[in-house]
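Asker: Protein chains in written order, with the numbering used here: chain A, 1 to 327; chain Z, 328 to 869.
In case anyone wonders, no lab produced these hints; they're calculated from the structure. Where is the CB? At the ideal position from N, CA and C, for every residue including glycine. You may find that some hints are simply not true.
The following residues of chain Z were derived to be distant from chain A, with all beta-carbon distances above 10 Å [claimed, not checked]:
hint: 1; residue: Ser329
hint: 2; residue: Tyr365
hint: 3; residue: Glu382
hint: 4; residue: Tyr458
hint: 5; residue: Lys481
hint: 6; residue: Asp557
hint: 7; residue: Glu568
hint: 8; residue: Arg854
hint: 9; residue: Glu856
Derived BS3-like pairs: lysine-lysine, alpha-carbon spacing no greater than 27 Å straight-line [what the hints assert, rightly or not]:
hint: 10; chain 1: A; residue 1: Lys326; chain 2: Z; residue 2: Lys648
hint: 11; chain 1: Z; residue 1: Lys370; chain 2: A; residue 2: Lys302
hint: 12; chain 1: A; residue 1: Lys269; chain 2: Z; residue 2: Lys405
hint: 13; chain 1: A; residue 1: Lys74; chain 2: Z; residue 2: Lys687
hint: 14; chain 1: Z; residue 1: Lys723; chain 2: Z; residue 2: Lys747
hint: 15; chain 1: Z; residue 1: Lys764; chain 2: A; residue 2: Lys120
hint: 16; chain 1: A; residue 1: Lys74; chain 2: Z; residue 2: Lys764
hint: 17; chain 1: A; residue 1: Lys302; chain 2: Z; residue 2: Lys405
hint: 18; chain 1: Z; residue 1: Lys373; chain 2: A; residue 2: Lys316
hint: 19; chain 1: Z; residue 1: Lys711; chain 2: Z; residue 2: Lys847
hint: 20; chain 1: Z; residue 1: Lys574; chain 2: A; residue 2: Lys326
hint: 21; chain 1: Z; residue 1: Lys748; chain 2: A; residue 2: Lys74
hint: 22; chain 1: A; residue 1: Lys326; chain 2: Z; residue 2: Lys643
hint: 23; chain 1: Z; residue 1: Lys574; chain 2: A; residue 2: Lys318
hint: 24; chain 1: Z; residue 1: Lys341; chain 2: A; residue 2: Lys106
hint: 25; chain 1: A; residue 1: Lys106; chain 2: Z; residue 2: Lys795
hint: 26; chain 1: Z; residue 1: Lys687; chain 2: Z; residue 2: Lys711
hint: 27; chain 1: Z; residue 1: Lys370; chain 2: A; residue 2: Lys316
hint: 28; chain 1: Z; residue 1: Lys643; chain 2: Z; residue 2: Lys574
hint: 29; chain 1: Z; residue 1: Lys713; chain 2: A; residue 2: Lys74
hint: 30; chain 1: Z; residue 1: Lys464; chain 2: A; residue 2: Lys269
hint: 31; chain 1: A; residue 1: Lys74; chain 2: Z; residue 2: Lys711
In case you want the letters, here they are:
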Amino acid sequence: MIISLLFILILLAIPLIAGGWGNLFFLLGIILPYLAFFLFLIGFVYRVWQWAKSPVPFRIPTSCGQQKSLPWIKASFFDNPYNTLGVIGRMFLEIVLFRSLFRNNKVEIREGRPIFAGAKWLWLAGLILHWSFLLIVLRHMRFFLEPVPQVINLISFADGFFEIGVPTLYLTDLLFISAVTYLFLRRVFIAQVRYISLPADYFPLLLILSIALSGILMRHFYKVDLAKVKNLILSLIVFRPEIPPGIGLIFYVHLFLVCGLLVYFPMSKLMHMGGVFLSPTRNLANNSRRRRHINPWNYPVKVHTYAEYENEFREKMKAAGIPVEKE
Amino acid sequence: MSLAKMPKPEDLAKIDLQPPRQGWMDTPVEFRPGTWCYSAAPKNLKILGLPNPREWQPADVDWKLPANWPEIILQGMKDRLSRFRSFKLFMDICVRCGACADKCHFFIGSGDPKNMPVLRAELLRSVYRRYFTTTGKLLGRLAGARDLTVDVLKEWFYYFYQCTECRRCSVFCPYGIDQAEITMMGRELLNLVGCNINWIMEPVANCYRVGNHLGIQPHGIKDSLEFFADDIADRTGVRVEVPINRKGAEILFVTPSGDLFADPGTFTCMGYLMLFHEIGLDYTWSTYASEGGNFGLFVDHELMKRLNAKIYAEAKRLRVKWILGGECGHMWRVLHQYMDTMNGPADFLEEPVSPLTGTKFENAKSTKMVHIAEFTADLIRHNKLKLDPSRNDHLKVTFHDSCNPARAMGLFEEPRYILKKVCNYFYEMPEETIREKTFCCGGGAGLGTDENMEMRLRGGFPRAKAVKYVREKYGVNRLACICAIDRATLQTLMEYWVPGVEVTGLHELVGNALVMKGEKEREVSLRGEPLLTKTKVDHHER
Numbered sequence: 001m002i003i004s005l006l007f008i009l010i011l012l013a014i015p016l017i018a019g020g021w022g023n024l025f026f027l028l029g030i031i032l033p034y035l036a037f038f039l040f041l042i043g044f045v046y047r048v049w050q051w052a053k054s055p056v057p058f059r060i061p062t063s064c065g066q067q068k069s070l071p072w073i074k075a076s077f078f079d080n081p082y083n084t085l086g087v088i089g090r091m092f093l094e095i096v097l098f099r100s101l102f103r104n105n106k107v108e109i110r111e112g113r114p115i116f117a118g119a120k121w122l123w124l125a126g127l128i129l130h131w132s133f134l135l136i137v138l139r140h141m142r143f144f145l146e147p148v149p150q151v152i153n154l155i156s157f158a159d160g161f162f163e164i165g166v167p168t169l170y171l172t173d174l175l176f177i178s179a180v181t182y183l184f185l186r187r188v189f190i191a192q193v194r195y196i197s198l199p200a201d202y203f204p205l206l207l208i209l210s211i212a213l214s215g216i217l218m219r220h221f222y223k224v225d226l227a228k229v230k231n232l233i234l235s236l237i238v239f240r241p242e243i244p245p246g247i248g249l250i251f252y253v254h255l256f257l258v259c260g261l262l263v264y265f266p267m268s269k270l271m272h273m274g275g276v277f278l279s280p281t282r283n284l285a286n287n288s289r290r291r292r293h294i295n296p297w298n299y300p301v302k303v304h305t306y307a308e309y310e311n312e313f314r315e316k317m318k319a320a321g322i323p324v325e326k327e
Numbered sequence: 328m329s330l331a332k333m334p335k336p337e338d339l340a341k342i343d344l345q346p347p348r349q350g351w352m353d354t355p356v357e358f359r360p361g362t363w364c365y366s367a368a369p370k371n372l373k374i375l376g377l378p379n380p381r382e383w384q385p386a387d388v389d390w391k392l393p394a395n396w397p398e399i400i401l402q403g404m405k406d407r408l409s410r411f412r413s414f415k416l417f418m419d420i421c422v423r424c425g426a427c428a429d430k431c432h433f434f435i436g437s438g439d440p441k442n443m444p445v446l447r448a449e450l451l452r453s454v455y456r457r458y459f460t461t462t463g464k465l466l467g468r469l470a471g472a473r474d475l476t477v478d479v480l481k482e483w484f485y486y487f488y489q490c491t492e493c494r495r496c497s498v499f500c501p502y503g504i505d506q507a508e509i510t511m512m513g514r515e516l517l518n519l520v521g522c523n524i525n526w527i528m529e530p531v532a533n534c535y536r537v538g539n540h541l542g543i544q545p546h547g548i549k550d551s552l553e554f555f556a557d558d559i560a561d562r563t564g565v566r567v568e569v570p571i572n573r574k575g576a577e578i579l580f581v582t583p584s585g586d587l588f589a590d591p592g593t594f595t596c597m598g599y600l601m602l603f604h605e606i607g608l609d610y611t612w613s614t615y616a617s618e619g620g621n622f623g624l625f626v627d628h629e630l631m632k633r634l635n636a637k638i639y640a641e642a643k644r645l646r647v648k649w650i651l652g653g654e655c656g657h658m659w660r661v662l663h664q665y666m667d668t669m670n671g672p673a674d675f676l677e678e679p680v681s682p683l684t685g686t687k688f689e690n691a692k693s694t695k696m697v698h699i700a701e702f703t704a705d706l707i708r709h710n711k712l713k714l715d716p717s718r719n720d721h722l723k724v725t726f727h728d729s730c731n732p733a734r735a736m737g738l739f740e741e742p743r744y745i746l747k748k749v750c751n752y753f754y755e756m757p758e759e760t761i762r763e764k765t766f767c768c769g770g771g772a773g774l775g776t777d778e779n780m781e782m783r784l785r786g787g788f789p790r791a792k793a794v795k796y797v798r799e800k801y802g803v804n805r806l807a808c809i810c811a812i813d814r815a816t817l818q819t820l821m822e823y824w825v826p827g828v829e830v831t832g833l834h835e836l837v838g839n840a841l842v843m844k845g846e847k848e849r850e851v852s853l854r855g856e857p858l859l860t861k862t863k864v865d866h867h868e869r
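Chain A with its partners taken away, still in its complex shape:
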């Protein structure tokens, strides 16, 4: 945890030094974003390709509901899918609503027996974190698209519905910060979770927290000229990069941290974003007796044949009156 914190401080120092003293905006605003985006794209595709390269030799879904067998027994369509539609449904529930995590419960030993208690906080915080992250990213699309699509404006409008403060405080920002904070504190204070945590678990939480905080600082405290920011981003998109002078330093801090996240993403556990789609215990229909699943590397193996077996036991079999092939 300390190490991760140290790492974040170093990351913060880089743009502050480079921008504040070095005036290296060309580096911070153009070279690094290009590099980061490129590394993210290549890295992400490479990782998914690495997984996809390994085949799925056996059909091993985890069945979490009744199988489809006899016509009068109601099968569980989503929790134990028997066709592709069911699998799509299962994956949808898994990815959009975190179905499996929703099952979570907590075990304690009291008076020599296990007690099961509800434990939905992890599910709730995870769901809030991911959904608000998604909405925040979508909201940011207004800096990437000209004209800004109606749906993006709608998201921003809905997100700022309560119109607290000027500029409006976004609900997703609050939710995001609370969820990340909860997930971080959970790692620090729940002994079991702390025990299994690696630096690679604290670091991404601190990183996205820093990104969110720098964004909020930029929006509400150290305001920057958003028109200039958009000009910069659009210039990057059309490959005619140009740094408009006078965007505040805080923007470059925010941007640098985002670049950091993009670079870090493909080499980290954050790749669960791509991996969850490929998980063979979830994305296969439980129909392995109905339809043969093919193993591409299935190879012949040494077996003990019936002939060998009978050769060893023929006399005993005959004596017991068990039919044999060779008398």
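Guided by the hints, dock chain Z onto chain A, whose structure is given.
Answerer: Chain Z only, in chain A's frame:
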């Protein structure tokens, strides 16, 4: 280690789930008696042609590993990463959210943090990172990576043989990461350097050569079945036939050999014989394919295939139309998820159709193997059986979902439907402990041996406590299950944690309730308990 040497249940139940101060990478494994299984005897490895047969024990300092063992392991990892997407993916995408942590029966029963599925997987992941990822190679421990040392190997052995591959953690994992899959890979790697346990390798060697785990020879199988037929005649007055290796039968019946050998499985076996006789099933037993179970699953994929091959080979030789499988847990994982892929296509068989009801078992139309619970539920649904559930009135029954039929199949309603038809008193255990959330018996995946007793009792602790709950609440005295390993291990578990509860297979209860043509009035159950209806009547007459 016998039950008598175990600490008192109330002492064993003093479990602290809080992790220690010292980090797991700095805590070497300690081979405490009662928590591990003996090594495989060299003769068994030789029968199977497996590497590094030798005399050794896990508690020894020197494991007599081949000189180049790290290369063997790392090469083995590389092979498997390229052959199994599950393995590669599960090494990469865990976020250590901890949802799986308190889902493992071994963790709940022992409090040992390395039994949290996430950490058990990290034992392997840390080595994966060190040798197969850039960050691990560069940053080492900072990236959660560590060198492959003898101590790490010993830790793998200890904890991968402290996982029963029950898949409960994978139900709760947001990415479906399945510790069973990781344990299977870990055990495959250990097997490459000859680190395996005898409770698995002896059954495997037996099954390979003699046809079944227990090494029962053909005439022994016949003796057992005929002995059961005698017992059935004694209880019911009906003599059932025992068809063995009969060519041209319609159906080949395959069940775990444990049912032929040890109580209470034997009573389940009697139930099968009675049912098949009563419905006039045209079927046969096989002495060559006399094992439905497959301990190869607990060693490696290749060995699983080598053992499983016999079932289709024998079905072909005997020219049957389809195959019916008895009550067993991991057996059904292999039959349902692996057999057709490994040893199919079974194009020499026909799509299974019940000869009594005409029901087409479309869910088994490729593999051509039907679960006995599916078969019997269909019979009852179509009123093909005359049942008198009051003959089980001396029993208050609860049902233990066996891990593999639950989480690798989804066989939940079929056995419950049968249970409700054959007995009048059926009570479910708490929701968190049944169906897809069912708890293991603690002795699955080849760990049901006596020297491992403490760990078995700890692993079975959550299951046992759920049984205790329904015992106290409803007076449950019988624990029904559809797994041969359960029938062997739950009995011990009950003796220790919940005295007064005995274990039964589903078809023992069917056998009790089954009204047979030409039977005499039943006075006792299959296991010889006086029937309650009978005693009541006697009392009344007096």
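Asker: Take the hints in turn and mark each one as holding or not.
Answerer: Now the hints, each set against the structure:
{"no.": "1", "hint": "Ser329", "verdict": "holds (22 Å)"}
{"no.": "2", "hint": "Tyr365", "verdict": "holds (25 Å)"}
{"no.": "3", "hint": "Glu382", "verdict": "holds (25 Å)"}
{"no.": "4", "hint": "Tyr458", "verdict": "holds (15 Å)"}
{"no.": "5", "hint": "Lys481", "verdict": "holds (21 Å)"}
{"no.": "6", "hint": "Asp557", "verdict": "holds (16 Å)"}
{"no.": "7", "hint": "Glu568", "verdict": "holds (13 Å)"}
{"no.": "8", "hint": "Arg854", "verdict": "holds (27 Å)"}
{"no.": "9", "hint": "Glu856", "verdict": "holds (29 Å)"}
{"no.": "10", "hint": "Lys326(A) - Lys648(Z)", "verdict": "holds (23 Å)"}
{"no.": "11", "hint": "Lys370(Z) - Lys302(A)", "verdict": "holds (18 Å)"}
{"no.": "12", "hint": "Lys269(A) - Lys405(Z)", "verdict": "holds (20 Å)"}
{"no.": "13", "hint": "Lys74(A) - Lys687(Z)", "verdict": "holds (17 Å)"}
{"no.": "14", "hint": "Lys723(Z) - Lys747(Z)", "verdict": "holds (12 Å)"}
{"no.": "15", "hint": "Lys764(Z) - Lys120(A)", "verdict": "holds (17 Å)"}
{"no.": "16", "hint": "Lys74(A) - Lys764(Z)", "verdict": "holds (19 Å)"}
{"no.": "17", "hint": "Lys302(A) - Lys405(Z)", "verdict": "holds (23 Å)"}
{"no.": "18", "hint": "Lys373(Z) - Lys316(A)", "verdict": "holds (25 Å)"}
{"no.": "19", "hint": "Lys711(Z) - Lys847(Z)", "verdict": "holds (20 Å)"}
{"no.": "20", "hint": "Lys574(Z) - Lys326(A)", "verdict": "holds (14 Å)"}
{"no.": "21", "hint": "Lys748(Z) - Lys74(A)", "verdict": "holds (18 Å)"}
{"no.": "22", "hint": "Lys326(A) - Lys643(Z)", "verdict": "holds (17 Å)"}
{"no.": "23", "hint": "Lys574(Z) - Lys318(A)", "verdict": "holds (16 Å)"}
{"no.": "24", "hint": "Lys341(Z) - Lys106(A)", "verdict": "holds (18 Å)"}
{"no.": "25", "hint": "Lys106(A) - Lys795(Z)", "verdict": "holds (20 Å)"}
{"no.": "26", "hint": "Lys687(Z) - Lys711(Z)", "verdict": "holds (16 Å)"}
{"no.": "27", "hint": "Lys370(Z) - Lys316(A)", "verdict": "holds (24 Å)"}
{"no.": "28", "hint": "Lys643(Z) - Lys574(Z)", "verdict": "holds (10 Å)"}
{"no.": "29", "hint": "Lys713(Z) - Lys74(A)", "verdict": "holds (25 Å)"}
{"no.": "30", "hint": "Lys464(Z) - Lys269(A)", "verdict": "holds (16 Å)"}
{"no.": "31", "hint": "Lys74(A) - Lys711(Z)", "verdict": "holds (22 Å)"}
Violation of the numbered hints given earlier is absent; every hint is satisfied by the structure.
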